[in-house]
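Heads up: the protein sequence lines correspond to chains H and Y, in order. Per the working numbering, the very first residue in the first sequence carries number 1; after that it's consecutive. Per the working numbering, the very first residue in the second sequence carries number 242; after that it's consecutive.
One or more hints might be untrue.
[Stated by the list, open to error] Computed list of lysine-lysine pairs in DSSO-like fashion (alpha-carbon distance at most 30 Å, straight line):
no. : chain 1 : residue 1 : chain 2 : residue 2
1   : H       : Lys-83    : H       : Lys-150
2   : H       : Lys-149   : Y       : Lys-300
3   : Y       : Lys-268   : H       : Lys-154
4   : H       : Lys-154   : H       : Lys-102
5   : Y       : Lys-334   : H       : Lys-149
6   : H       : Lys-154   : Y       : Lys-269
7   : Y       : Lys-300   : H       : Lys-150
8   : Y       : Lys-413   : Y       : Lys-334
9   : Y       : Lys-268   : H       : Lys-113
10  : H       : Lys-147   : Y       : Lys-334
Hint data in this document are derived by calculation from the structure and do not stem from the laboratory.
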Amino acid sequence: MQSIVSSYHLCLPPPPPVLRHRLICQSLPPIRLPSRRSPTSLRLFPCAVSRESEMAAAAKEDGQDPRIPKIASSIRVIPDFPKPGIMFQDITTLLLDTEAFKDTIDIFVERYKGKGISVVAGVEARGFIFGPPIALAIGAKFVPMRKPKKLPGKVISEEYSLEYGTDKIEMHVGAVEPGERAIIIDDLIATGGTLAAAIRLLERVGVKIVECACVIELPELNGREKLGEAPLFILVTSDAA
Amino acid sequence: MSRNKQEEDPRINGIKTKIRVVPDFPKKGIMFQDITTVLLDPKAFKDTIDLFVERYRDKNISVVAGIEARGFLFGPPIALAIGAKFVPLRKPKKLPGETIFEEYELEYGNDRLEMHVGAVEAGDRALVVDDLIATGGTLCAAINLLERVGAEVVECACVIELPELKGRQRLKGKPLCMLVEYR
């Protein structure tokens, strides 16, 4: 079991053999950026999540973005948090690595700049860490999506399922306008419940979701399937357990 | 004579006009300072960050500590621009690793602020960021956390101050930089 207390200024200990961060920086043709896949990745992500007609656009298999390995290795895994059996993906160690944090933001900014995106929506609370720097760099507004009763003033809310019970996320009325183009940011996609609720909230007010973007995906939890037509862009994948 | 309030900068008024005041939230009598409307205006948001970055970029700040959750909106952009690490200070049980905590008083009862062990090192020069300073209780807890691990708190930075609540006096002598006052 790897030690929970890590030394931040040294390289993080290698993850235990059952858990591996797979390094992937994937582009999807609708945004018209070259597609890069990790040559070592064992799973090829199906591009078919997007139903855009430009699926056939050339994908340059020129290897992965060289910034990704450092980003992946800066993420700390904490076993049995918040409960036994869960391997928690801790991005706070990424935030302590100034180069890795900057690279993370740069990759997203390079992807979304100049694409007519006027809204970056970020899910409380870790989406608040990654969303605003991206929004600032691409000239978009930032819209926080919050747990109930945090946003003052008029809100609309959307319910989503948890393992036991439900929760809600809320957005301010009037924060976004019909016809705006949005990306939704969170640190990680697991089951996809929160992101799916965020998509529904924005679509209810007439916003087009260009893409969902997360640093980490836990692909075994199939969160991608909950996103409907919205594509998903991620930097790093990890086994859930 | 140093001024902690950037009152002559022409960008300040643009930011101030974007802050929305919501009466009676979270309860009757409170005039809530809503900064989400600043975030909806890319120029106002950028100006807010730029004002802080211009102030801190040459001060050798190695840590920006942001207080959950609205401190997470302003802290990371500042940290990225000045090349500092970002350290989230969170409510209990949110941070997954080993943490230290500091208690602080609420109107009724107490709450706790937590920080990861090892995130901040002795000798780090730190900035504490939140959207607003009211009574100063949370900021004081943040200062305590950072000082306990041997960091030097250089300044606290907030977009808004409610000066009548005298939070400035609760910062253990640390200076406060704010952009907008609300009386």
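Verification of the hints:
At most 30 Å may separate the alpha-carbon atoms for a hinted pair to count; Lys-83/H and Lys-150/H meet this at roughly 26 Å. Under the criterion of a C-alpha separation no larger than 30 Å, the hint pairing Lys-149/H with Lys-300/Y is inconsistent with the structure, at around 38 Å. Only pairs whose Cα atoms come within 30 Å are accepted, and Lys-268/Y paired with Lys-154/H is accepted, the gap being roughly 15 Å. Of the pairs offered as hints, the one joining Lys-154/H and Lys-102/H is violated, with about 35 Å between alpha carbons and a cut-off of 30 Å exceeded.
Distance restraint check for Lys-334/Y and Lys-149/H: the Cα-Cα separation of roughly 20 Å lies within the 30 Å cut-off, and the hinted pair is therefore satisfied. Among the hinted pairs, Lys-154/H with Lys-269/Y is consistent with the structure: their alpha-carbon atoms are about 16 Å apart, no more than 30 Å. Of the pairs offered as hints, the one joining Lys-300/Y and Lys-150/H is violated, with about 34 Å between alpha carbons and a cut-off of 30 Å exceeded. Taking the CA atoms of Lys-413/Y and Lys-334/Y, the gap is near 27 Å; set against the 30 Å cutoff, the hint holds.
Between Lys-268/Y and Lys-113/H, the direct Cα distance comes to roughly 40 Å. Violation of the 30 Å bound is thereby established for this hinted pair. A threshold of 30 Å between alpha carbons decides the hint, and for Lys-147/H with Lys-334/Y the separation of about 16 Å falls inside it, so the pair holds.
When each numbered hint is compared with the structure, violations occur for hints 2, 4, 7 and 9.
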